[in-house]
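Colleague: The listed protein sequences derive, respectively, from chains A and B.
Once you know that position 50 of the first sequence is 50 in this note's numbering, the rest is easy, because the numbers rise by one and skip nothing.
Going from the second sequence to this note's numbering is simple: count from 1 and add 1000.
None of these hints come from the bench; they were simulated from the model.
Yeah, the Cβ is synthetic: ideal placement off N, Cα and C, and Gly gets one too.
Any given hint could turn out to be false.
In silico lysine to aspartate or glutamate, EDC-like type, Cα no more than 16 Å apart, as pairs [what the hints assert, rightly or not]:
#1 B:K1128 - A:D249
#2 A:K186 - A:D136
#3 A:K52 - A:E272
#4 A:K292 - A:D322
#5 B:K1136 - A:E206
#6 A:K50 - A:E36
#7 A:K106 - A:D249
#8 A:K125 - A:E272
#9 A:K68 - B:D1242
#10 A:K317 - B:E1282
#11 A:K255 - A:E60
#12 A:K317 - A:D91
Taking CB as the label site, the calculated pair distances span [what the hints assert, rightly or not]:
#13 A:T270 - B:V1256: 22 to 30 Å
#14 A:Q328 - B:A1017: 53 to 61 Å
#15 A:T96 - B:P1046: 23 to 31 Å
These stretches of chain A come out as covered by chain B in the derived footprint (C-beta under 8 Å, 3 or more residues) [unchecked claim]:
#16 56-68
#17 144-154
#18 188-202
#19 318-331
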Amino acid sequence: MTKKIVAALVLLLVLSSSVFAQNISLLNVSYDPTRELYQDYNAAFAKYWKAKTGQTVTVEQSHGGSSKQARGVIDGLQADVVTLALAYDIDAISQTAGLIPADWQKRLPQNSTPYTSTIVFLVRKGNPKQIKDWDDLVKPGISVITPNPKTSGGARWNYLAAWAFALKQPSGNDQKARDFVSRLYKNVPVLDSGARGSTTTFVQREIGDVLIAWENEAFLSIKELGPEKVQIVVPSSSILAEPPVSIVDKVVDKKGTRKVAEAYLEYLYTPEGQEIAAKNFYRPRLDAISKKYSSVFPKIKLVTIDEVFGGWQKAQKTHFADGGIFDQIYQPQ
Amino acid sequence: MAITFRKRSVLPGFGLALGYTVVYLSLLVLIPLAATFLKASSLSWPQFWHIATSARALASYRLTFGASFIGALTNLFFGVLVAWVLVRYSFPGKRLFDSLVDLPFALPTAVAGIALTTIYAPNGWLGKPLASLGIKAAYTQLGVVIALTFIGLPFVVRSVQPVLQDMEKELEEAAASLGATRWQTFSQVVLPTILPAALAGFAMAFARAIGEYGSVVFIAGNMPMRTEITPLLIITKLDQYDYAGATAIAVVMLVVSMVLLLPINLLQKWSSRRQEQAELAEEEFSPMAEVV
Chain A
1 MTKKIVAALV LLLVLSSSVF AQNISLLNVS YDPTRELYQD YNAAFAKYWK
51 AKTGQTVTVE QSHGGSSKQA RGVIDGLQAD VVTLALAYDI DAISQTAGLI
101 PADWQKRLPQ NSTPYTSTIV FLVRKGNPKQ IKDWDDLVKP GISVITPNPK
151 TSGGARWNYL AAWAFALKQP SGNDQKARDF VSRLYKNVPV LDSGARGSTT
201 TFVQREIGDV LIAWENEAFL SIKELGPEKV QIVVPSSSIL AEPPVSIVDK
251 VVDKKGTRKV AEAYLEYLYT PEGQEIAAKN FYRPRLDAIS KKYSSVFPKI
301 KLVTIDEVFG GWQKAQKTHF ADGGIFDQIY QPQ
Chain B
1001 MAITFRKRSV LPGFGLALGY TVVYLSLLVL IPLAATFLKA SSLSWPQFWH
1051 IATSARALAS YRLTFGASFI GALTNLFFGV LVAWVLVRYS FPGKRLFDSL
1101 VDLPFALPTA VAGIALTTIY APNGWLGKPL ASLGIKAAYT QLGVVIALTF
1151 IGLPFVVRSV QPVLQDMEKE LEEAAASLGA TRWQTFSQVV LPTILPAALA
1201 GFAMAFARAI GEYGSVVFIA GNMPMRTEIT PLLIITKLDQ YDYAGATAIA
1251 VVMLVVSMVL LLPINLLQKW SSRRQEQAEL AEEEFSPMAE VV
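Chain B on its own, in the form it takes in the complex:
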């Protein structure tokens, strides 16, 4: 008659693994974040509010979050397209293109920034033809969007690719044989399957773009009120030895990022649950489930 006060888990070494995870996450994530909040708390509320909502800070939030959103959205559409092509088609050089998708991950951000600036500057390869059309790419908000789109590309592609690869082609064929148009097949069969992965990729691209400094600061132009990104504002404050002011803006960025990413996460969870339910439902009615 043994009285056990703690249920033994079926996972071996669960306690150790949990302990290690907590320590690791704390050291890497929680403690630095806590230090940021602590430093910002050395300001009084009116001071904090004044720094966080100055006209220059507000302009930088609009640019950073706006450009990140546009970049991530662009990546959502084109990333899904790229993943589709890479999975469903084969063409010469496909492996090369596949590895090129990882380039924004591998490239150091400063290198990416300088490369983009050189290309899009008014005397650059792409900048010159654009300038003749009257479009200024480098040193404008468009330049910021271009940089943020570049660095977010791999997230959506790499999130959607495995889902597309695992998807059963038979589902599409079944839909076609039941009379669905191509658009219906896409929107009712393919899209729900890849939506959770695509949204996860969108969230990651968005999150990275918000914090991006190195690849943007060369192409941005950095004019206060117009092309100044929030990370640059933080660095500017640090260069004035105003550590508390810099952490104030950092705290604002953290909070807004969490607020923006939460609904995206929930949307992703909802759509993946819907997809699971749909898969369960179709298994029940599948002709394959007949008792042999």
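Chain A on its own, in the form it takes in the complex:
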């Protein structure tokens, strides 16, 4: 008899806890390097939301190569929010699975990109190979680490930054840019599947002379490893990398978390959110914050993907799709 009473009480407790809990859980599906950023940001957002509405929000994170993550969401991963490396991957979620409306990018300010980054080089301390700019990467005997553009978003920004540099050279044209990028990839010994994987290969396995990396990855490596091992080299020009964010409409409507999810993304644009981004080495959009951190971020001449490549759809089709230029680089000549 006692056993039955105890069992009934336990059941009642479990049921009541789920009824009375004001616990909301969000899943943020993100790309490879943003672990530290969202660790800080999620704590700040939970505090903000609790103060504002009294609800407890737990944000779970998933990280991986940008396309891999997008594919996970398409295949059914219940992400409330996606914060990926390129607009093309969020477009794919919208087009292939219809989980996000087609005009998602206009819903939040600045093309739904609350922070930007760019591509820089990370070299060994003292820069023994004297790497100063993009054209040093194609010299024979230099070993370059960059991830696989087929699976990594960061890798595609790297490729496009290299292409844009070659294009901007005096008498640069598409053919010269293609030769330049081919010579660059001939110097690559390992293609990891994600940006973080390449950082590990360069830093922990000590493979390669130079790592082409997200700016925030480079700063993070110095912070984690110490400036005695690696240093940043800023190239003469680079590409403005815009990693966008979006809610996943079908999922938030099903889970009833739309309000929290939208607030989660909007908080990224507030001074507190921008400050967290800047602290984690992402270039903030808000003028006040970017002025405050202007000494941290080096000034580089930046081009955008729209002005040089005509947008992501075109760039993906020309360069990264099957049979595109990246594939052709690897065909036996």
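Add chain B to chain A, keeping to what the hints say.
Modeller: Positioned in the frame of chain A, the structure of chain B alone reads:
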């Protein structure tokens, strides 16, 4: 005078067991395979051929099947050796070594991959001495072979061990007393006994190595045309949202695997039948079969 239309089997619950087996195998094996073929069939034949025989795909087949074969072959020889030592000898720490053999089974593939890469990288424990000899292990095809050998080890050992344990030592002693050299004893008495089990282990190691992704992708280097394994090519296609292309390559892998495993299976069946016949023959002429 009962007319029975169905012969009653001596096995109780045979119908139920058969039904359950068919459903289980279908759900786990046949339906996913059928789905793969179905998705690949959405491509036209020229498209399928173009994807399946692109230079990059062919290079990956050479690497995957070649490295798997070399790994399984290495495991065949060394696995039999390990099984022999574990059965016939006793030494301190034998139980520990015996359980270590199961480690590649138990270890998650990603963990195995990272561990192997850390060891064989140019600044790793084994990678450094190898590099000073001029041998690059990690991020080359050699690295792929190393990873595939690692994960296939338990198959051969665990297949051969029970056969060796059950083998009668008297046969070897009889052979020795009849004047056979040690090599003859091994090749004519021991080897035929363990060959079916060894081949079964080889087939399993080979099959696992072909599909291996997690433990290889860290140590491989993943350079297209050189160190890209076929499972990675499939993932790459999926990451481009090209589901049909990925299933095309998967279908090629399935068909080639079946074609390669069939002769190994037949060889194993033939050798086990030969062994059974040999055992029957020796029982007839055995001095023990005398009528008491």
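Colleague: Look at each hint and say if it fits the structure.
Modeller: Hint by hint, here is what the structure shows:
1. In summary, the hint linking K1128 (chain B) to D249 (chain A) is not supported, as the alpha carbons are separated by about 52 Å, beyond the 16 Å threshold.
2. The suggested pairing of K186 (chain A) with D136 (chain A) holds, with an alpha-carbon distance near 13 Å, which does not exceed 16 Å.
3. Taken as a hint, the K52 (chain A) and E272 (chain A) pair is honoured in the structure, with Cα atoms around 15 Å apart against an allowance of 16 Å.
4. Annotation: proposed proximity of K292 (chain A) to D322 (chain A) is violated, straight-line Cα distance about 44 Å (limit 16 Å).
5. Between K1136 (chain B) and E206 (chain A) the alpha-carbon distance is near 14 Å, which keeps this suggested pair within the 16 Å criterion.
6. Between K50 (chain A) and E36 (chain A) the alpha-carbon distance is near 22 Å, which puts this suggested pair outside the 16 Å criterion.
7. Of the pairs offered as hints, the one joining K106 (chain A) and D249 (chain A) holds, with about 14 Å between alpha carbons and a cut-off of 16 Å not exceeded.
8. The straight-line distance between the Cα atoms of K125 (chain A) and E272 (chain A) is roughly 34 Å, outside the 16 Å bound, and the hint therefore fails.
9. At roughly 12 Å between alpha-carbon atoms, K68 (chain A) and D1242 (chain B) fall within 16 Å of each other, so this suggested pair holds.
10. A distance of roughly 71 Å separates the Cα atoms of K317 (chain A) and E1282 (chain B); the hinted pair therefore is violated under the 16 Å criterion.
11. Distance restraint check for K255 (chain A) and E60 (chain A): the Cα-Cα separation of roughly 15 Å lies within the 16 Å cut-off, and the hinted pair is therefore satisfied.
12. At roughly 14 Å between alpha-carbon atoms, K317 (chain A) and D91 (chain A) fall within 16 Å of each other, so this suggested pair holds.
13. Our hint of 22 to 30 Å for T270 (chain A) and V1256 (chain B) is violated, since their Cβ atoms are close to 56 Å apart.
14. Between Q328 (chain A) and A1017 (chain B), the C-beta spacing of about 56 Å keeps the proposed range 53 to 61 Å intact.
15. Between T96 (chain A) and P1046 (chain B) the Cβ separation comes to about 24 Å, which falls inside the hinted range of 23 to 31 Å.
16. Under a criterion of three residues with beta carbons nearer than 8 Å to beta carbons of chain B, the stated coverage of the stretch 56-68 of chain A is upheld, 3 such residues being counted.
17. Beta-carbon proximity to chain B at under 8 Å applies to 3 residues in the stretch 144-154 of chain A; the threshold of 3 is reached and the given coverage holds.
18. Restraint check on the stretch 188-202 of chain A versus chain B: 6 residues with Cβ-Cβ distances below 8 Å, three needed, restraint holds.
19. Residues of the stretch 318-331 of chain A lying with their CB closer than 8 Å to a CB of chain B number 6, which satisfies the three-residue condition for coverage.
When each numbered hint is compared with the structure, violations occur for hints 1, 4, 6, 8, 10 and 13.
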